[in-house]
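**Q** Below are the chains, spelled out letter by letter.
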Amino acid sequence: MSEPSIERGLQALRAEIDAPVAAFFSSCVHCGLCAQACPFYLETGDPKYTPVLKLEPLRRVWEREFTLWGRIKAGLGLSPKVTDALLAEWEELLYDSCTMCGRCSLVCPVGNDLQYMIRKAREGMVASGHAPEGLIGAAVRAVQTGSPMGLQWKTLEVQIRHVESSTGLTVPVDVPDVEYLVLLSSMEIINFPEYLEAIARIFDHAGVGWTLSTDCFEATNAGVQIGSKDIAATLVQRIVDAAVKLRVKNVISPECGHAYTAVRWEGPNLIGRPYPFHVYHIIEVLDALRAAGRLRTEGKETDRLSLHDPCNLARKSGVIQEQRNLMDLVAENFVDLEEHGRYQWCCGAGGGVSSNERADALRRAAFKRKKAQIEAVEPERMVTMCATCRTQLEEGLEEFNMDIPVVGLTEMLAEHLVEK
Amino acid sequence: MSDPMAFLLWVKGPMFNWALAIFALGTLARLLEIFLLGRRPNYAEPRGGEWGPGLRTVLTRSVADPGTFQRAPFDVLVGWIWHVGFLIALLLFIPHIELIQALIGLGWPGLPNPVVDAATAVTLVALVATLIHRLRHPVKRHLSTAEDYLIWTVTFLPLITGYLAYHRLIGPYPLALGLHILAAEIFLIVLPFTKLTHIFTAFIARWYNGAIFGRKGVQS
Chain A
-6 MSEPSIERGL
4 QALRAEIDAP
14 VAAFFSSCVH
24 CGLCAQACPF
34 YLETGDPKYT
44 PVLKLEPLRR
54 VWEREFTLWG
64 RIKAGLGLSP
74 KVTDALLAEW
84 EELLYDSCTM
94 CGRCSLVCPV
104 GNDLQYMIRK
114 AREGMVASGH
124 APEGLIGAAV
134 RAVQTGSPMG
144 LQWKTLEVQI
154 RHVESSTGLT
164 VPVDVPDVEY
174 LVLLSSMEII
184 NFPEYLEAIA
194 RIFDHAGVGW
204 TLSTDCFEAT
214 NAGVQIGSKD
224 IAATLVQRIV
234 DAAVKLRVKN
244 VISPECGHAY
254 TAVRWEGPNL
264 IGRPYPFHVY
274 HIIEVLDALR
284 AAGRLRTEGK
294 ETDRLSLHDP
304 CNLARKSGVI
314 QEQRNLMDLV
324 AENFVDLEEH
334 GRYQWCCGAG
344 GGVSSNERAD
354 ALRRAAFKRK
364 KAQIEAVEPE
374 RMVTMCATCR
384 TQLEEGLEEF
394 NMDIPVVGLT
404 EMLAEHLVEK
Chain B
5 MSDPMAFLLW
15 VKGPMFNWAL
25 AIFALGTLAR
35 LLEIFLLGRR
45 PNYAEPRGGE
55 WGPGLRTVLT
65 RSVADPGTFQ
75 RAPFDVLVGW
85 IWHVGFLIAL
95 LLFIPHIELI
105 QALIGLGWPG
115 LPNPVVDAAT
125 AVTLVALVAT
135 LIHRLRHPVK
145 RHLSTAEDYL
155 IWTVTFLPLI
165 TGYLAYHRLI
175 GPYPLALGLH
185 ILAAEIFLIV
195 LPFTKLTHIF
205 TAFIARWYNG
215 AIFGRKGVQS
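Protein chains in written order, with my numbering: chain A, -6 to 413; chain B, 5 to 224.
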C-alpha cells in the first residue's frame, strides 16, 4: 500500500460518493435532530458532536466536485477545500465520538443514513493518514497475526483443552463438510472463555455438526472499524478461504456486533462476489434451533433480567426478536429497557471506540446514556450478546458502583440445557 | 419600472418564465446529479426487500419516534406546524390553485380565504419561532451557516408578502402583489441550488434509508 496522503484521502472520499450520499447531503436542512440521537452529544452537551457535522469532509468533497452549483462556488473560491488540517481536526469527530451505532440514521427526518456515510468517510481518513493509533495497531496486528489482539491459535488451543476437560466433549477442529464453521473474537477468547464451552455444550445437545478452523478463527474485522477496504477484504477473504476449504454450509459469527456487520453485510461486497455459504449470528442459530425444538431446557432464571441489544445486531441487522425468544425460554422475569430493539442506545464502545485509548473519556461519557436506561428498569443482571458491549457494560457499571453483573445470552442458555 | 402596473406585468410575464425555467432545469440537474451516481452492486444475501421498506420509510419518517419527540418537542411540533401551514397557503389558496390550473391544467378544491389566512398567520409566527430557536439552541447555532439564514428569509418572504397583499397592508395593490410574486420567484430560483432541494430529495433520501435498512431486515 502506498503512503497515506491528502490526495489519496480525497480520492478515497470521491470513490465513496454514490447516489444515496448525494441524496442525503442534498436533503440536510441543519435541523440538528441527529444530535438528539447521539450519546456523545447528549452526554457531553458539546454541539461539535452533532452527527451530520462529523461528515463535513465528505460533504465538502460532494459539494465541490459532485454538484453543478458547488463547482461554480469552488471556481469562485466560495466553497472551502478539504485540507490536511481539516482531516486532522475531524479525526476525533469521526472516530473518538462515533460508534457507528446508526441511531441518528433512524431519527433523521429527511432520512439521511448518517452511519452509512461515517463508514465511508473513514476510508478517506485512513487513506490520508488520519486514523487513531489504537485502531492502526489493531489493524496491523489483525493482518499480521490474524487477531487484532495478537492472539494466536496456541492460546485458543489451551482454551479448547480446558473446555474439553471440563465438559468431556471434543471440540471439533478442521472437520470438513459439517454444517457450521464457528468463528470467535479474540476478546471473547480472552475475557469470556465460557462462550466456547457454551457452544460446545449446546451443539452437542442439539446434535449440530460444527468445527473451528486453524486457518481462521477470528471473526472481527479491524479493517471495517478503521475504514480500510483493503484490510477489511484481506480479513474477510481468510474466513471465506477457511469456509471453502472445509466445505461448510454456514458460518457463525460470534457474540460480537461489528464482526457480524463485517462478515454478513460488508464481506461479500469487500471481496466483490456472493459467498458460497450463509452467515448467521450465533443468536440466529440458537433461535432457529429453539424454533425447531432442538433445544430442550429446564428451569428458568428467577431474578430480574434486562437485555442490551448490540447496535450491529439489532438496529443494523434486524436481529431483535430472536434474543427475546431465547430470553423467554430461560428467564421468567425479563424486562426490556424502554428504548430497545432498533431504537436501543449504544453502550458507547463500538465502531472501534474501545480500541482507541485516546477516546476513553468520551467512551465513558457515552455510557451514561446506557446507564440511565438500565437504572430506569432496575434489573438484577444485564444480558447481552456482544463481547465489546459486555466489557463496556461491566466496566461502566463498576465505575458507577452499580452491582449488576453482565452475562452472555449463549452461556446463560447453555446452563439450562436438559442433561442427556 | 417605477410604475407598479409595469412591475406587476414584468414579474407575471418574463420574470415568471425565467424563474420557472431555472427551477425546472436546476431541479432536473440536481436529480440527475444524484441518480447518475448510482449504487454499487450489493452481493450480501438480503434479509428483506428494498422497495417496500423504502416506500414505508418515505411515509413513516414524517412522524418522529416517541423518544425523539420527548427530547425535541419544539422541533417536531413547530416543524410540522409550519410545513403544513406553508403547504395550505401554497396549495389550498384558491388564486394559487387557479394559477396552477392555468399552468398545468390540474386543479383541486381550495379552502375558504379566512382559513388560509389563519394558517398563514400561524405559519408566520411558527417561522419566526424557528428562527429564534436556530439562533439560541446550541446545536442549531453551531450548525447554521449563512445559507440557513438566507433560506429562512427566502421561505418567509412569499408568506409575509402574500399576507400583506391579501390584507392590503401595503399599496398600491399591484406593487404588493408584484412583490409577493417576485418573492415566490426568488424561492423557485434559489430552490435547486440550496437545501431547499430537500423538498424533492428528502423523499429520495428516505427511500434509500428505508431500502438500505430494509435489505438488512430492519424497518427504518
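What the hints contain is simulated information worked out from the structure, not anything from laboratory work. Be careful, since some hints might not be right.
Stated by the list, open to error - Sample of chain A residues facing chain B (criterion: CB under 8 Å; computed from the structure):
id: 1; residue: F17
id: 2; residue: C21
id: 3; residue: E58
id: 4; residue: L61
id: 5; residue: N105
id: 6; residue: R308
id: 7; residue: R335
Said to hold, decoys possible - Computed spacing ranges between beta-carbons, pair by pair:
id: 8; chain 1: A; residue 1: E371; chain 2: B; residue 2: I190; range: 55 to 61 Å
id: 9; chain 1: A; residue 1: G70; chain 2: B; residue 2: W156; range: 21 to 27 Å
id: 10; chain 1: B; residue 1: P70; chain 2: A; residue 2: G70; range: 44 to 50 Å
Virtual Cβ for every residue (Gly too), placed ideally from N, Cα, C.
**Q** All hints are to be evaluated individually against the structure, with a verdict given for each.
**A** Each hint, compared with the structure:
1. Contact between F17(A) and chain B, as hinted, is supported at the beta carbon level, the nearest pair being about 5 Å apart and thus within 8 Å.
2. A distance limit of 8 Å between C-beta atoms decides the matter here; for C21(A) the minimum to chain B is near 7 Å, and the interface restraint holds.
3. Annotation: E58(A) was flagged as interfacial toward chain B, and the flag is violated, the nearest CB pair being 11 Å apart, outside 8 Å.
4. The interface hint given for L61(A) is met, as the beta carbon of that residue sits about 5 Å from the closest beta carbon of chain B, less than 8 Å.
5. The closest approach between the C-beta of N105(A) and any C-beta of chain B is roughly 6 Å, which is under the 8 Å cut-off, so the hint is satisfied.
6. With a cut of 8 Å, the hint placing R308(A) at the interface with chain B holds, because the nearest CB-to-CB distance is about 6 Å.
7. Given hint, R335(A) at the interface with chain B, holds; its Cβ is 6 Å from that chain's nearest Cβ, closer than 8 Å.
8. A beta carbon spacing of about 57 Å between E371(A) and I190(B) agrees with the range 55 to 61 Å that was offered as a hint.
9. Distance hint check: the CB atoms of G70(A) and W156(B) are about 25 Å apart, consistent with the given range 21 to 27 Å.
10. For P70(B) and G70(A), the Cβ-Cβ distance of about 46 Å falls inside the hinted range of 44 to 50 Å, so the restraint holds.
In this structure, the one hint that does not hold is number 3.
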